[in-house]
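Undergrad: The primary structure of each chain is shown beneath.
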Amino acid sequence: MTQDAKPKTQNTYSPTPDAERMAQDAFEPKIIAFLCNWCSYAGADLAGTSRMKYAPNIRIIKVPCTGRIDPLFILKAFEVGADGVLVSGCHPNDCHYRSGNFLARRRWMVFKDMLEFVGIEQGRIHFSWVSAAEGNKFVEVVNKVTNEVKKLGPFKKLEITHT
Amino acid sequence: MIDKLKQRVQELLAKKTIGVFLGYEKGDNPKIARPAFITLPDEVDNLIYDDTCIIMLSKYLLKPEVKALGRRGIIASYSNFRAIVGLIQEKQVIKEDIYIIAIQNGEKIPDLYDEVIEASGVVSPASGVKAHDARPKTHNEQIAELLKKSPAERWTFWQKELSKCIKCYACRQICPLCYCTRCIADKNQPQWIPTSPHFAGNFMWNITRAYHLAGRCVDCGECERACPVGIPLMLLNKMIYNNIKTNFNYEAGLEPNLLPPLATYQQDDKENFII
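For the record, the sequence lines run as chains A and B. In terms of the working numbering, the first sequence opens at residue 1 and continues consecutively. In terms of the working numbering, the second sequence opens at residue 1001 and continues consecutively.
Read the hints as simulated data drawn from the structure, not as lab findings. Take the hints with a grain of salt, since some may be wrong.
[What the hints assert, rightly or not] Lysine-lysine pairs mimicking DSBU-like chemistry, simulated, CA-CA at most 35 Å apart: (1) K144(A) to K1245(B); (2) K1270(B) to K53(A); (3) K157(A) to K1149(B); (4) K1016(B) to K112(A); (5) K1245(B) to K112(A); (6) K151(A) to K1016(B); (7) K1167(B) to K150(A); (8) K151(A) to K1160(B); (9) K1187(B) to K30(A); (10) K112(A) to K1160(B); (11) K1149(B) to K30(A); (12) K1187(B) to K62(A); (13) K112(A) to K150(A); (14) K112(A) to K1004(B); (15) K1167(B) to K62(A); (16) K62(A) to K112(A).
Only a predicted model underlies this, so the values are computations on that prediction, with no experimental measurement involved.
So that you can see chain B by itself, here it is in the shape it has in the complex (with noise of 0.2 Å):
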C-alpha cells in the first residue's frame, strides 16, 4: 500500500499537478510519525503509512508557508478526512486548490477524495485519542455518567479537572478548527479571558473554546491527546457534539455543503427555556 502512494505521490510531483504533499514520515518520536512535506519526488521514500500516523495534517493545509508551495495533495483517513471536510465547509480551504489521496480501511469516507487508496489490514482506523492513563470507558459513557451526577458533584469533577491547566494553548494549537489568526485568548485591549492559569481564567478558556467549537468540531481527540496535564477535554466537547447532533441532526465535517447549525436558523426552533 504504501508502494502505491509512493509511486502516485512520485507521478502528481513529477506532473506539476501538485506542489507539495503532505504525509507522514519517520520522526524522532517512536510513537508519533512526523508530518511530511514533500517537494521533490525524489523524497518520496520517506513516506510511511502505519499506527503512528494520527497528527492531524488539516492542521497545515491554512499554513501560509505551505500554501506557498503551490498545489497541496493530503494523505486522509478518517477523522483527518472530516477535518478537511469541516474546513472546506466553512470555506478556510477551497476544493480545487488541494488534492486528496483518501485512506480506505473500512470506514465510511465522505465522497470527496480525487483518488482512494485500499489500506485494510495496514492501520486500525484512526482514533487519534492516546489517553494518558487506561481510561476504560468510552467518551460517551462518562458523559452519561456524568449527567446523571447533580449539578454540584460535576462542577466538583469540573473544578478539579480544570485546575490543572496551565494554559498552554496545546489544545487550540493541534485543533484543525482552531484557525483564527487572532484568538480572542490573546486579545489584551480589551482582555477577555485572563491568561493566568488560575481556576478562573483556566474556566474561562476551555468553555470558551469548547463553545467555539460548538458545532464544528469534528471529534478527532487530538486536543485530549496533546494536553500535557490530562484534562477530559473530549468530554466537554463532546457533550456539545451530541447536544448539536441531538438538536439539529448534523455532524460537522461530513457534507461539505452544509452550513455549520449555529451559522443559520429555522423558524421553529426550541425556545422552551426562553421567557
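Bound-form chain A, shown alone (with noise of 0.2 Å):
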C-alpha cells in the first residue's frame, strides 16, 4: 500500500498545523466508533498497518457483531460528551455471526428515523459497511464522518445542567 495514490477531494484529512490550531482553537469533533470485531475493526487495523494517515478523531468501541449494538449504546455516546458517531459492520452475508448486521441494519434504519424525527441532526450518526479487507474505505468514511460532524459544531444537546 502506498501513499501516492490521488486522494478523492471531499474525503481527505489534512492535518491542521499546530501554530494554526493553537491560534483558532478549532474545533475537533470527539467521534466514537462503534466497529465489529471481525469486518471493520479489522479494517481499521488493516489502515493502520499500511500506514494511511486519516482523521483522528475517532474513538473506537470494539463490538463483537453490529448485533450486539443496543441504540442505546449510540444515545449513551452523545450523552457522555460525543460530537458524532459511527457504526461500522460487516457487509449483508458476510457476519460472522451469520445475520448479527441483518438484525442491526433493521435497527438502525429505525433509529435513526426516530433521531430525525426529535430533531437531531443526522449528519452526527452514520453507518457503515467495511470489510477487513477495506482498509481504503475505513480511511474514507473516517474522513467523511469527521468533515460532515466538524461542520455541525460541538453536540450540546444533551449537556447536563442542574437548573
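Take the two lone chains and join them into the complex the hints point to.
TA: So, in C-alpha cells, the structure goes:
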C-alpha cells in the first residue's frame, strides 16, 4: 500500500498545523466508532498497519458484532460527550455470526428515523459496511464522517444542566 | 350485556374452567373503572362494563400474584385485545393459559377469543386516550405537522415537552408491553439511563422507551393518559409505529403467529442510508 494514490477531494484529511490550531482553537469533534470485531475493526487495523493517514478524531469501541449494539449505546455516547457516532460492520452475508448485521440494519433504520423526528442532526450519526480488506474504505468513511461532524459543531443538546 | 357477562363468568368459575377473572368494577374514581379480580362465583355482581372501562387489563396477566390464582379469564375489547395478542406474539402469555371473552362493539377483532359478547351501543370503541388538554388534532395530524418543520424546530418542540418529565415511570408501569422484570432504567451498575429529571436524563429515558417499543407498541395510548405532566408520548410512539407500518407492513398485536419486525430480517431490507 503506498500513499501516492490521488486522494478523493471531499474525503481527505489535512492535519491542521499546530500553530494554526492553537491560534484558532479550532473545534475537533470527538467521534465514537462502534466497530465489529471481525470486519470493520480489522479493516481499521489494516489502515493502521498500512500507515494510511486519516482523521484522528475517532475513538474506537470494539464489539463482537454490530448485532450487539443496542441503540442505547449510541445515545449514551452522545450523552457522555461525543459529537458524532460511527457504527460499522460486516457487509450483508458476511457476518461472522450469520445474521447479526441484518438485525442491526433494521434497528438502525428505525432508530435513525426516530432521531431525525426528534431533531438530532442526521450528519452526526453514520452507519457503514467496511470489510476486513477495506482499509481504504475505512479511511474514506472516517474522513467523511469527521468532516461532516466538524461542520455541525459541538453537540451540546444533552449537556447536563442543573436548573 | 353485563348480565350475560356476569352469568358466563359465574359459570366459568363454578366449573373451574378459570381460576380468576380479570374484569372491571366501580372504584373510587368515577371516571375510571378499577380492575376486578373475581375468584369466587358470588363476586361477579361487582362487574361492570361501560365507557369508564379503559385500563389495560392485559398488564395483569403477567403478574405472578395473578398467575398463582390459576387459569386467567379476561375481558378483551379492541386495545386490550391487541395487547394480549402482542404478549402472545412475544411468548409472554401462552394462549392455553388464558380464557378470552371478547367484546364485539362494531370493530374488527382478532380471531383469538374463546367466546364473544355483543356490546354495540353499550360503549364507544375504547380509545384509551384521555388528553390532559383538549387536543383538537389526532396524533397522525400532529406528527405530519411536526415532520413539516425543520429539525431545529422539532428539537425545540421536544426539548420543551421532555423537560416536563419528572421520571415517575408511570408510562412504563401502565404500558402493557413494558414487562421487563429488570428494566434498563433501573440498572445502576453501570447506569445507562440517568435517573435524574434533568433534560439529558429525561431525553435518554423517553427516547429509549419509545425505541424499545418499536414494532411492539399496540397504540393503546395509556402512556399518554397516565403521564401526570401531559407529555405527548403518543406522538413519538405513533411516529415509530407508522414508520414500522410503512417499512415492514406490520402492526403489533393483530396476528399472534408473527414475529416482531425487529426480531427478524429480510435479505433486501432498505440500506440506502449505509455508507
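Undergrad: Now look at each hint and say whether the structure bears it out.
TA: Hints versus structure:
no. : hint                : in the structure
1   : K144(A) to K1245(B) : 32 Å, holds
2   : K1270(B) to K53(A)  : 32 Å, holds
3   : K157(A) to K1149(B) : 18 Å, holds
4   : K1016(B) to K112(A) : 50 Å, violated
5   : K1245(B) to K112(A) : 16 Å, holds
6   : K151(A) to K1016(B) : 69 Å, violated
7   : K1167(B) to K150(A) : 34 Å, holds
8   : K151(A) to K1160(B) : 26 Å, holds
9   : K1187(B) to K30(A)  : 27 Å, holds
10  : K112(A) to K1160(B) : 21 Å, holds
11  : K1149(B) to K30(A)  : 29 Å, holds
12  : K1187(B) to K62(A)  : 23 Å, holds
13  : K112(A) to K150(A)  : 20 Å, holds
14  : K112(A) to K1004(B) : 50 Å, violated
15  : K1167(B) to K62(A)  : 32 Å, holds
16  : K62(A) to K112(A)   : 21 Å, holds
Of the hints listed earlier, those the structure fails to meet are numbers 4, 6 and 14, in rising order.
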